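A.B. asks: Here are the chains, one letter per residue:
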Amino acid sequence: MFKSHFDIRSQPGFGLITLFTFFALYLPIAALVIYSFNGAESLSRWDGFSARWFVAAWQNAAVQDAAIRSLVIAIWAAFLATIAATMAALATTRTTPYRGLTFKYALINQPLMVPEIVTAVALLIVFSRIKVWTGYSGLGYLVVAHTAFCIPFAYLPIRARLESMDLTLERAAADLYATRWQTFRHVTLPLLRPAVIAGFMLAFVISLDDVVITEFVKSGGQDTLPTYMLGQLRRETTPEINAIATVFLALSTALVVVFFFINRKKQ
Amino acid sequence: MSGAQEAALAVQKQDIRSRWLLSAPALLIIFFAAVGPLLVMLLYSFMAKGDYGDVRFGEFSLDGWVSVFFQRDIFDDTLGLADAHLSIIWRSLQLSFFTTLLTLILGFPTAYFIATRPPHSREIWVFLVTIPFWTNLLIRTFAMQQVIRNEGLLNNALIWLGVIERPLQIMYTDTANLLGMTYVYLPLMVLPLYASIEKLDFRLVEAGYDLYASRLQVLRRIVIPLVKPGIIAGSILVFIPSLGAYVIPRVLGGGKNMMLGNLIEMQFGSGRNWPLGAAMSITLMALVMVALIFYVRNASRGGSSHV
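Heads up: the protein sequence lines correspond to chains A and W, in order. Position in the first sequence (from 1) plus 570 gives the number in our numbering. Position in the second sequence (from 1) plus 2 gives the number in our numbering.
If you're looking for bench data, these hints aren't it; they were derived computationally from the structure. Model, not experiment: these values are computed from the prediction. Even glycine gets a Cβ: it sits at the ideal position worked out from N, Cα and C. Any given hint could turn out to be false.
As a list, the in silico DSS-like pairs of lysine-lysine whose alpha-carbon atoms are at most 30 Å apart [what the hints assert, rightly or not]:
| no. | chain 1 | residue 1 | chain 2 | residue 2 |
| --- | --- | --- | --- | --- |
| 1 | A | LYS788 | A | LYS701 |
| 2 | A | LYS674 | A | LYS788 |
| 3 | W | LYS230 | W | LYS201 |
| 4 | W | LYS15 | A | LYS674 |
| 5 | W | LYS258 | A | LYS788 |
A short list of chain A residues far from chain W (calculated; beta carbon distances all over 10 Å) [to be verified]:
| no. | residue |
| --- | --- |
| 6 | ASP635 |
| 7 | ILE638 |
| 8 | SER698 |
| 9 | LEU759 |
Start from the sequences and build out the full structure, keeping to the hints where you can.
C.D. replies: Next up, the structure:
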């Protein structure tokens, strides 16, 4: 009876490879964090633990500017993308299939299909001309560009929620002579709230993380935190970059953890 | 026409109007800041290049497209193949292929292992894959640099162990590109694979063992064919961003190991050849489209054959 302890699900060596995968996934991040506590002047030496580079990064005006700019852009882009995505999700779920629906899906998901570098240079071409024509070179271009590629991410959870929602409550509201707006405001939106929050957070993280499109769209002096770091990587790097990266990492991990628990509660 | 019919028609009309009005903001923003610029870029690829970047507006020229693949000989003005461009395109394809292969080799067993854990711990494992996935791409690339640079973790460990005497030069090579891309895109392989292995009907696996199949046979003849849609989805999700990689080769590969993304950037920077850059971008997009079409065809076929 050799089959009595035979686990049909297991495959030899897979556990070992999994261990290696997780080791490989987290080792570089661990290295990055450890080196950020390096007391030495340069990354090539180790001079004992010190938090001096965190202090240096905190007091660096360029870093402060870039961090604030990143947040401003991300908040605006996530806000606009969430509104646009919610409206679009209503228009693509609360109706019978119609001509043009596939076209809408394709257009909304388009930013996911095209390599970022391609969108980035296309935006460079168009926006550089608009900048000359209008003379305006503010943060607006970055906000619009970020909103565009955030829309599909905000759209995803909102549409999924609308599709799985129970329609009886909305019908009951309509039966009681609620207008479309009243139905949406008092029935659909409260039920949709977790998905809207999830969509906003996804869009926020996606905007905060963007390097390529920002790098090509920004005007002079409009560095965000990621493009500032990219610029610094060209030079001889100090552990200051590690310190910035570590803080950034901690923040986005915290967001993902919150997101994870919100989703879990819902289930 | 009766009153009821008219009312129904009016509701329908209102419905049509509202569904376009509601989707208008999203569609307009995406058109203005994504699709529209791509169309403009298509036009630019057919214009003559300006002397200091940009294009000579309205002046038709095929030079941009021709020079993606060919170059004019400086001495006798004949057309020859543009070796530099072609080798970079070829390198991008090769690197993307090997990245996909490596992520599959690591990702498949990992996804399988996670999918066969008890439901509660599954969630934690998946969460652990998701965290690096949501970490900034630049930060992950930079993290890889900490491991493979000359005074990095890997070299220090190998020297300490006495395996090597002098640090290995991994940074600024194709190996660095390959390791970086594999590291960064690995979660994109694991997640779709996990989703499809989780749905696997293990009664079929049991049937295989009952018929005296070995573990390898079960894997090859039962598991892999059943999760093929997941394998294809993961491969596409890794292959496409690898092909368009820009940050990773810029940080890890350096100037000598450019990929298509960096070559495109060069045309808009020091190269000052916007039509060529535009034509290259469209070439890259075409390569991505080919991969996507391949995926859609296989996904629809794979889906129907297992239902």
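A.B. asks: Of all the hints given earlier, name the ones this structure violates by number, lowest first.
C.D. replies: Violated: hint 8 alone.
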